[in-house]
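> Please arrange chain A on chain V, whose structure you already have, making use of the hints.
Sequence order for the protein chains is V and A.
If you want our numbering, it's the 1-based position in the first sequence plus 21.
If you want our numbering, it's the 1-based position in the second sequence plus 21.
Take these hints with a grain of salt, some might be off.
[Claimed, not checked] For lysine to any residue, the following SDA-like pairs were computed, each having C-alpha atoms within a straight-line distance of at most 20 Å:
1) K418(V) with D350(A)
2) K345(V) with A417(A)
3) K380(A) with H431(V)
4) K380(V) with H496(A)
5) K300(A) with E415(V)
To be clear, the hints were calculated from the coordinates, so they are not data collected in a lab.
There are 2 protein chains.
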Amino acid sequence: MYLDLYSHRFTTSPPSIFSTHIHTFHKMATAEQKKFVSQIDANKAALIDRLAEAVSIPSVSGDANYRKACFDMADWLLAELKKLGATAELKPLGKQNLDGKEIELPPVILGDLGKDPKKKTILVYGHFDVQPALKSDGWDTEPFKLITDEKTGRMYGRGSTDDKGPILGWLNAIEAHQQAGIDLPVNLKFCFEGMEESGSVGLDELIAAEKDSFFQGVDAVCISDNYWLGTKKPCLTHGLRGIAYFKLAISGPARDLHSGVFGGVVHEPMTDLFTIMSKLVTAKGEILVPGIKELVAPLTDEERKRYDVMDFVLSDIEGATGSKTTVSDDKAAVLMGRMRYPCLSLHGIEGAFSEPGTKTVIPAKVIGKFSLRLVPDMTPDKVNELVTKYVNDEFAKIGSKNTMTITSEHGGKPWLADPNHWNYEAAIKATETIYGVKPDLTREGGSIPVTLTFADLLQKNVLLLPMGRSDDGAHSINEKLDISNYIEGTKLLGLYLHEVAATA
Amino acid sequence: MYLDLYSHRFTTSPPSIFSTHIHTFHKMATAEQKKFVSQIDANKAALIDRLAEAVSIPSVSGDANYRKACFDMADWLLAELKKLGATAELKPLGKQNLDGKEIELPPVILGDLGKDPKKKTILVYGHFDVQPALKSDGWDTEPFKLITDEKTGRMYGRGSTDDKGPILGWLNAIEAHQQAGIDLPVNLKFCFEGMEESGSVGLDELIAAEKDSFFQGVDAVCISDNYWLGTKKPCLTHGLRGIAYFKLAISGPARDLHSGVFGGVVHEPMTDLFTIMSKLVTAKGEILVPGIKELVAPLTDEERKRYDVMDFVLSDIEGATGSKTTVSDDKAAVLMGRMRYPCLSLHGIEGAFSEPGTKTVIPAKVIGKFSLRLVPDMTPDKVNELVTKYVNDEFAKIGSKNTMTITSEHGGKPWLADPNHWNYEAAIKATETIYGVKPDLTREGGSIPVTLTFADLLQKNVLLLPMGRSDDGAHSINEKLDISNYIEGTKLLGLYLHEVAATA
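One chain only, chain V, in its complex shape:
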């Protein structure tokens, strides 16, 4: 069955790395691992059916009209967990105001499987809510019906890769162990939420409240909710950038003025704003705020080498952006620009003329929006202090009679996990066994706030172990998950648990 699957896969969309894989697998896998893997292969059709069932429930958290489906999805998932023998319950989070209505938040599912004090305990996180999707957005197929394209080996449907496929990966792995009569080598705790696509409202508070009860005894955390860097090589992700978002407000006249009458007469807030915001960052991306660069942790040789081996070519960026506008033509420099250095982006202006056409207005009050992405050892507080001082100093220099205020809107610390921790060692070994290659050790440029919550509150190592690929289109039309990523990814999650148990 296993080889059958493979020969099927190779006729469709074979990742190039699989050519050396079968040999590696037979060399590395234990007898139990082989048994588990065979069971997954045998279950393939049923696993796809299970994903189709999950995708058919339109659990869109951002639209009040779909709130019932979020509850249906929670009920469905709770029942699946219970079928596998887990203790699990729905944790209500209270109400929220959405689209003008006060409605109940989708619950969080907290569950346990196994309480053996001799085993390690792994907390797995996932989310069962999805982004909105309508056929009329431009989908080629019905978004809430999983469509399997045998020719390309892809399964299309909202939530297939983000994040129903990965959640089911855990359930599939447990089921296969039970079917094959293999003891699960770790204790598992589950935290599955239904509001991830809408700001994870209420989750942090629940984790904080359950820190010393439900979450007690967790040894490490594994989150499967991101993607490979490219389309061919698996990766583990051990870092995320933080953020510090600012609003720079400049106000002068009490109302918008006509530039014919008042141009040349008053200090114009827009001119002040452009003068100040142009001093934040150069066109090449260099941050000009003094003291920022000094906060960045120095690059180590070990880390530097990782960028050279990553599955990445500049054309990946060119494909994703639809342009050839990278700040560097050097692969490692581009990767480090995303992963391990800060950046400063100017997002827009509130209060200025923003429509098409021409208008000769002197806007009375304008609010420039910009943010920095943070990396260790930057903190939102320290960045706020440096930016505020710099902006105030620069505004004082220009001698404007307008009024300037800079406010820090929201901040999130960067997160960086130690990739030499046993949690990562286990995932690396499992990846080598399944995919026949060492995974890339990546960091991501954006933030996944729950990662930081787990790391901070539980003080345990957190691992991001993706199932899908960079081209899955998680928040776009025609979201997909390759069958190979689903099946091999399920095997990977199972083997990861074996390797966790095997580490010291």
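Frame of chain V, contents of chain A only:
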């Protein structure tokens, strides 16, 4: 009657300059002029009634629902002209597309009164359309019902000062001549349009077409459609700034990007835009485009002296802008900043994030909007050349892979009339007779396109002779015209014609 009127006025809102006025008037006015002025005073109640009738027709040109009222207003005005013995006709301008409907443009009224080859011929321009107005906009009274407040001496209503009061001023003056049995000392031509508040669609073409027919024989032009600089002293306006409007487009990626994923990776169009636009003008208003300053005609001593005597204090600007943000604390510098120097204003950005809240977007294509106000000897073409070269040079310096284009959107030449021309001498003398003071000789910062059209096409001196005051609120709620400005302004228009006839 005349003294009665004055004693009334002084108990209400007397402009301070009137204290010396009666003596001056009796010394300067001829017997015929005195007779005309007495007739206006005698007509006061009827003249207010006539204005009330005009205001009651809601001739809003910018809203298709009011288009019938624009035609009604044209018919009403045509009938009034004919009652006075003028030959006049409605000139159709064709159709326009407004609010999705194709509708007929309001006609222009072209009329003649007198064809005596021994008399000078003065062309007077005005507009009978008005800005939109709804009680719910915040008006204290019904906008299309003229409300006279006897305590303050003010008449409130849409169009009272802009521009129905001034148009009726001409008609009132003619009628008083006829009633008093005084021969009108000049030939008059009338050009009254109904689209001024909506871009004067079709007017330029009509003037060009009628240049050698209807407009043949005009000796000078008088437009009463602007305002005193302040609230106490009359003025004549002999200059208007021109404009050159630019769009600076910078595009990079094919779609908006997430700053977490692509910040630090690509050249960001917003950063380029801020870098370039910040190099156009300093916070103090100095234009940084090389060659612009050199185009500005030097200040003469004669002109310099005018700014010192103008009825203006810095608090006028502070009142109008609701702020103390003038670029200079020197009165003459502020006036010259508005009237005789260019300026550069940054209006806004199309394509960037402009809503409230925070969004971590890297906009894919942004279009910065800015414009310069032009003074002699700047021309839109020359400014376009200098700005385009400078912006291209600066963009080349920053080494961005994004694409930049600068386009000139629309341009208008500055206008400057010779205030030593007999047309101005006549208005100065008439103002001294009526108001007992030499008028300020002002220039305005904005543009009134028809002024330039008349000056260019007819090659005749154009005079702007305002009736209302700076605080009339022409385009705002509670638009008003002081009774004194209406009555004295009517006298001024009549006496101006006498002085035109008396000049060599």
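> Please go over all the hints and tell whether each is borne out by the structure.
Now the hints, each set against the structure:
1. K418(V) with D350(A): holds (19 Å)
2. K345(V) with A417(A): Distance of about 17 Å is within 20 Å: holds.
3. K380(A) with H431(V): holds (11 Å)
4. K380(V) with H496(A): Roughly 16 Å separates the two Cα atoms, so the pair holds.
5. K300(A) with E415(V): holds (16 Å)
In this structure, every one of the numbered hints holds.
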